[in-house]
Amino acid sequence: MLDKHLPLEAAADVINALGLNRGQTKQANRSMQRIVQRAWLRRSPGKRAVTFPEFADSVAPCHWALMFEVCALVHLGRDSEACTLIAAARHLEAARTAQGAL
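Going by the numbering used here, the letters in the sequence shown line up with residues 1 to 102, in that order.
Just so you know, these hints were derived from the structure itself, not from any lab. It is possible that part of the hints are untrue.
Across the chosen pairs, the derived CB separations fall in these ranges [unchecked claim]:
1. 98 x 8: 28 to 34 Å
2. 74 x 8: 20 to 26 Å
3. 44 x 77: 32 to 38 Å
4. 79 x 46: 23 to 29 Å
5. 19 x 49: 40 to 46 Å
6. 53 x 19: 31 to 37 Å
List of simulated lysine to any residue pairs, SDA-like, C-alpha gap at most 20 Å [claimed, not checked]:
7. 4 x 61
8. 4 x 63
9. 26 x 5
10. 4 x 59
11. 4 x 45
12. 26 x 43
13. 4 x 66
14. 4 x 50
15. 26 x 2
16. 4 x 58
Just so it is clear, CB atoms sit at the ideal spot from N, CA and C, and this is done for glycine as well.
Construct all of the structure, not just a fragment, from the sequences and the given hints.
Okay, structure coming up:
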């Protein structure tokens, strides 16, 4: 079962585009969940007053979809494409942030 935070349409697009089978989908989903849990655990104790479910709820749906796709690519051995996708997302986020600062 996919994480409740992962937008189903985005997950379906990734699954279809990459031709993921059930096991690969489960692996990518599990990896994505571990990333979010590790991010929560790495927060300072003061910021950890927010529970894990609240933290997970605060992650944007587009970030869940991005993490799922990156995890799927890594599990398929397509690390280069995963790195390219991460770099592109970082550039877009930086541009969005800069645009908001104007």
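Taking the hints in turn, this is what the structure says about them:
1. Checked against the hint of 28 to 34 Å, the C-beta distance between residue 98 and residue 8 comes to roughly 32 Å, which is consistent with it.
2. A C-beta distance of roughly 21 Å is found between residue 74 and residue 8, which places it inside the suggested range of 20 to 26 Å.
3. About 36 Å separates the C-beta atoms of residue 44 and residue 77, a value consistent with the hinted range of 32 to 38 Å.
4. Taking the beta carbon of each, residue 79 and residue 46 are about 35 Å apart, not inside 23 to 29 Å as hinted.
5. A hinted range of 40 to 46 Å for the beta carbons of residue 19 and residue 49 is consistent with their spacing of about 42 Å.
6. For residue 53 and residue 19, the hinted distance range of 31 to 37 Å is satisfied, since their beta carbons lie about 32 Å from each other.
7. Under the criterion of a C-alpha separation no larger than 20 Å, the hint pairing residue 4 with residue 61 is consistent with the structure, at around 10 Å.
8. For the suggested pair residue 4 and residue 63, the alpha carbons sit about 13 Å apart, so the restraint of at most 20 Å is met.
9. Simply put, residue 26 and residue 5 have alpha-carbon atoms about 15 Å apart, close enough for the 20 Å limit, and the pair holds.
10. Proposed proximity of residue 4 and residue 59 is supported: the alpha carbons are some 12 Å apart, at most 20 Å.
11. With a C-alpha separation of about 26 Å, the suggested pair residue 4 and residue 45 falls outside the 20 Å cut-off, and the hint is violated.
12. The straight-line distance between the Cα atoms of residue 26 and residue 43 is roughly 26 Å, outside the 20 Å bound, and the hint therefore fails.
13. Distance hint between residue 4 and residue 66 is fulfilled; the C-alpha atoms sit about 15 Å from each other, no more than 20 Å.
14. For a cut-off of 20 Å, the pair hint linking residue 4 to residue 50 stands: about 19 Å separates their Cα positions.
15. For the hint linking residue 26 to residue 2, the alpha-carbon distance of about 7 Å falls within 20 Å, and the restraint holds.
16. Straight-line distance between C-alpha atoms of residue 4 and residue 58 comes to about 13 Å, which keeps the hinted pair within the 20 Å bound.
In this structure, the earlier hints numbered 4, 11, 12 are contradicted, and the remaining ones agree with it.
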